[in-house]
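**Q** Here's the letter readout for the chains.
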Amino acid sequence: MSIEFDRKIHKTLEDANLQLAVYTATARLKDGRTEVVSPAELPDYQELRTQAHDLKKHVMENLDSYLEEFERNVEAHGGHVVYAKDATEVADFVVGLAKERGAHLIVKGKSMTSEELDLNERLEHEGLEAVETDLGEFIVQLAHERPYHIVGPSLHKTRYDVADLFTKYLGIEREEVPEKQTAIARGVLRKKFLAADMGISGANMLVADSGAVVLVENEGNIRLTTSAPKVHIAVAGIEKLIPRAQDLAVFLKLLARSSTGQRLSVYTSILSGPRRPGEIDGPEEFYVVLLDNGRTRLLADRAKRQSLYCLRCGACLNACPVYRKIGGHSFPWVYSGPIGAILTPQFLGLGHEPALPFASSLCGACKEVCPVKIEIPELLLSLRGEVRKAEARDRKNLLERLSFRLFAWIMTHPRLYEMAGRVAAATAPSDNGAWISKVPALMNFGPLRTWLSQRDLPPAPRKSFRELWRLR
Amino acid sequence: MVDQLMPQVGIAMADVLERLGYRVDFPEEQTCCGQPAFNSGYRAEARTVARHFIDTFEQSEAVVVPSGSCASMVVHHYAELFQKEPATLSRAESLAKRVWEFSEFLTRVAGVEDVGARFEDVVTYHDGCHSLREMGIREGPRRLLARVRGLDLREMQPAEECCGFGGTFSVKFAELSGAMARTRIEAILRTGARTVVSADPSCLMQIQGVLSRAGAPVRTLHLAEVLASR
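As you go down the protein sequences, you meet chains A and B in turn.
When we follow our numbering, the leftmost residue of the first sequence carries the number 1, and every step to the right adds one.
When we follow our numbering, the leftmost residue of the second sequence carries the number 1, and every step to the right adds one.
This is chain B alone, in the form it adopts within the complex:
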């Protein structure tokens, strides 16, 4: 999704990581983690794509992912996918230990909270559900945002609610998915924020899509884009 629809997010993430002194590599063989097939029940197809992911990243020291949902697929669901394939399973498990969601890498591996960013705006943070509930990431992104100069961070009420994207759910149950998103943007608008930040591109696509349709003067940005600004 970042590659094809939000390239600026990838560039921003690389910028932040390089500023912190990391050498960033982009293995060109990479495509997708296989989650769309897995979540749609097509396990054989998901396994095929997951094997390709493992082949591609097996040599990397750390894999930093600009999406909590994709990261969680590798960290939490590959094991189930390769239950009956012990050789791939052990490769998947060893890789899973080196896969990090972007904010998680910053706070837990790099050990930074202040990345030296400046961003003058009123901002609210939207938790991607898989980041929040599968990866257990809640405070990290908020702490990173709190250290950005000029940034006024406001919590939504309720803070942790799904935007209704859900992969193919967004088109299979489009009306329901849209209704969920519209409830979410009500919470966004109540904060008075002018920018919604998330660490999940698919949530951003759903939220921006509904904001844009409603003509609401609120934009969406990936966490990396905010942290890369100066």
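If we strip away everything but chain A, and leave its shape as in the complex, we get:
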């Protein structure tokens, strides 16, 4: 484990306020989801999950033709499709267009894809101003932080934290009432919307048969981002495609329920092209940037391809007992929680944080709530296997490798196993059957020491089961 990963976990676990904030917020989302996917509320929930899974699988297997179909239909509506290999190509396109149009101020709708690309930093580097307009994103942008959670970027911030930030960066009097804080942010952002030259959004879905970008949100800021400025650019991963408009019936039923426990989000925008003659609003120019950034490499891996089915609903984070303890910022990349644990090694390489796939008790709560049935625990296990293969190749972690060899050898030799058990029982400290909290210094190392750092150890019984069984 990298020292940084270890340190961040430790720091989060030590922070009682943060623990409470994250636990409470995820509990609310988790319970909300449970209620609206219950059999009484949504009897065909399991069938919907299967349909969503099958649709995503179908899209991944036919992505080439759906991309072309989508492109044709976007162009037919007067929009443009741009293919981008990576973050640099996205930034180059946006900057180039901004220069051509003389644009300076860009408003943004919440987008994990944009976070994945560090787009704001890249745009700011080129002298453009990019303003996040989702309240949570606005807060983390002020704090110069990454989103803490896929759906709730500032889920870790209390209203007092927000009051601190607003006072410091907006130069206003301290305000601790959430409703009033929201009104302050709205006031700031409304001016930005009206002055903005461009709007950049992500996309929740791209509909191939209609060339439409679908966006769901609760605040209305995405509507403004995509319609107030003269230019709208949607930046989306190629995996966001769905075949037909009618498939929205499946995905929209699952998405808001899984992410925020709503039946439907407050706003659902289906955008297909720029403003047409006679329309009173909408942008003059409409671009969809289709992003690869490693996605085609994942697509080539049959077994792990399902990682691309993810809708970014965040349900796995709320269900995950690990995420709820270590929070979003302990994770090494923008995608946190169970989905982050499988995406990060696949996008950035196993070496980015080799311990990440191991940071799970494999409880399976993530898989249970995933609306597209991604087998996250199985993928973690598979990634663990890959980490070990890489270690064997690089001659790393030799001691552990050796101990598992020894384990396999003992476990396939029952006589030896029994003898090893007797030796362990004879040398184990015993306190008349009480649980053990301390061992002699000589034994206090390795796994025994780490076990005892948190909890007591069971005493060794006088006789093993097989010995008792022989006496029966």
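For the record, the hints were derived by calculation from the structure and aren't laboratory data.
Take these hints with a grain of salt, some might be off.
Said to hold, decoys possible - In the DSS-like style, the derived pairs of lysine-lysine whose C-alpha atoms are separated by at most 30 Å in a straight line are: (1) A:K438 with B:K172; (2) A:K230 with B:K84; (3) A:K180 with A:K30; (4) B:K172 with A:K367; (5) A:K373 with B:K84; (6) B:K84 with A:K396; (7) A:K438 with B:K84; (8) A:K11 with B:K172; (9) A:K373 with A:K304; (10) A:K396 with B:K97; (11) B:K172 with A:K180; (12) B:K97 with A:K304; (13) B:K84 with A:K57; (14) B:K97 with A:K8; (15) A:K168 with A:K180; (16) A:K230 with B:K97; (17) A:K180 with B:K97; (18) A:K438 with A:K11; (19) B:K172 with A:K230; (20) B:K172 with A:K304.
What the hints assert, rightly or not - A short list of chain B residues far from chain A (calculated; beta carbon distances all over 10 Å): (21) V2; (22) F57; (23) L95; (24) R133; (25) T168; (26) R190; (27) T195; (28) R230.
Small disclaimer: the values here were computed from a predicted structure and weren't measured.
Virtual Cβ for every residue (Gly too), placed ideally from N, Cα, C.
Chain B: place on chain A using the hints.
**A** Below, chain B without anything else, positioned relative to chain A:
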């Protein structure tokens, strides 16, 4: 784990099964299912141990396991382990059909809910995650406990949450694992139960370890121990 650390659980399970009229055999060649190696990413080592498991139990009519997690390893993960070994794969698949987690064997094979047990205590039941989510066992153990005379069963809120054990996770991410367990025991203590029951020895070891460290007056017992009491 039962053999080396909780022999009384094995004895209790055999008692319950014999009372129901089953003949219990303990093949002495048995050791481990290989899950520790599999979950740690050491697939070759896991395969070696899994082959030994198959050799040992291939002749058994039914294999009853006092751990949902071990049972699930055989039932759900051997197939992946032997993907490229068709001969072993078909042996593994045929064995998997005869492997049962203890409560599952009682409710689905033996078809009993009342095993004639008496246990006067306030009890809460902890689901092992692999029992619950991989084996789909939820109601069975609760129904078995509900029929025990004198037993007052109370659900935890939240009911289904991991205790944080997770095999080598418990020592590799010890502080995190401990924090998860402490959250779990808060839920246990809120029920007012004096005994926590589970069908997974590793959860019991983790939970008892943290309860004991906290000095909490709550004990842990395996489901078999409760069902064997009279």
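**Q** Hint by hint, note whether the structure agrees.
**A** Against the structure, the hints come out as follows:
1. Distance restraint check for K438 of chain A and K172 of chain B: the Cα-Cα separation of roughly 19 Å lies within the 30 Å cut-off, and the hinted pair is therefore satisfied.
2. About 57 Å separates the Cα atoms of K230 of chain A and K84 of chain B, which puts this hinted pair outside 30 Å; it is violated.
3. For the hint pairing K180 of chain A with K30 of chain A, the CA-to-CA distance comes to about 27 Å; that is within 30 Å, so the pair holds.
4. Proximity of K172 of chain B to K367 of chain A is assessed by CA-CA distance (about 23 Å); at most 30 Å being required, the pair is judged to hold.
5. Restraint check for K373 of chain A and K84 of chain B: the C-alpha separation of about 25 Å stays at or below 30 Å, so the hint holds.
6. Of the supplied pair hints, the one linking K84 of chain B and K396 of chain A holds, its CA atoms being roughly 26 Å apart against a limit of 30 Å.
7. In summary, the hint linking K438 of chain A to K84 of chain B is not supported, as the alpha carbons are separated by about 46 Å, beyond the 30 Å threshold.
8. Between K11 of chain A and K172 of chain B the CA atoms are separated by roughly 17 Å; this keeps the pair inside 30 Å, and the hint holds.
9. Simply put, K373 of chain A and K304 of chain A have alpha-carbon atoms about 13 Å apart, close enough for the 30 Å limit, and the pair holds.
10. Restraint check for K396 of chain A and K97 of chain B: the C-alpha separation of about 39 Å exceeds 30 Å, so the hint is violated.
11. The straight-line distance between the Cα atoms of K172 of chain B and K180 of chain A is roughly 45 Å, outside the 30 Å bound, and the hint therefore fails.
12. A C-alpha spacing of about 27 Å is found between K97 of chain B and K304 of chain A, which places the hinted pair at or below 30 Å, so the restraint holds.
13. Of the pairs offered as hints, the one joining K84 of chain B and K57 of chain A holds, with about 24 Å between alpha carbons and a cut-off of 30 Å not exceeded.
14. For the proposed pair K97 of chain B and K8 of chain A, the alpha carbon gap of about 44 Å is over 30 Å, so the pair is violated.
15. Between the alpha carbons of K168 of chain A and K180 of chain A the distance comes to roughly 16 Å, so the proposed pair stays at or under 30 Å and holds.
16. Using a Cα cut-off of 30 Å, the hinted pair K230 of chain A and K97 of chain B is violated, with the two alpha carbons roughly 63 Å apart.
17. Note on K180 of chain A and K97 of chain B: the hinted pairing is violated, with a Cα-Cα distance of about 61 Å set against a maximum of 30 Å.
18. Restraint check for K438 of chain A and K11 of chain A: the C-alpha separation of about 26 Å stays at or below 30 Å, so the hint holds.
19. Proposed proximity of K172 of chain B and K230 of chain A is contradicted: the alpha carbons are some 53 Å apart, above 30 Å.
20. About 25 Å separates the Cα atoms of K172 of chain B and K304 of chain A, which keeps this hinted pair within 30 Å; it holds.
21. Distance check for V2 of chain B against chain A: the nearest CB is about 6 Å away, which does not clear 10 Å, and the non-interface claim fails.
22. For F57 of chain B, the requirement that its beta carbon stay farther than 10 Å from each beta carbon of chain A is met, with the minimum near 13 Å.
23. Remark: the non-interface label on L95 of chain B is consistent with the geometry, its nearest Cβ contact in chain A lying 17 Å away (cut-off 10 Å).
24. A beta-carbon of chain A comes within 10 Å of the beta-carbon of R133 of chain B; the shortest separation is about 4 Å.
25. Not every CB of chain A lies more than 10 Å from the CB of T168 of chain B, the least distance being 8 Å, so the non-interface label is violated.
26. Taking the minimum C-beta to C-beta distance to chain A, about 14 Å, the non-interface status of R190 of chain B holds against the 10 Å cut.
27. No Cβ of chain A comes within 10 Å of the Cβ of T195 of chain B; the nearest lies about 16 Å off, and the non-interface call holds.
28. Non-interface call for R230 of chain B relative to chain A: holds, since the shortest CB-CB distance, roughly 18 Å, exceeds 10 Å.
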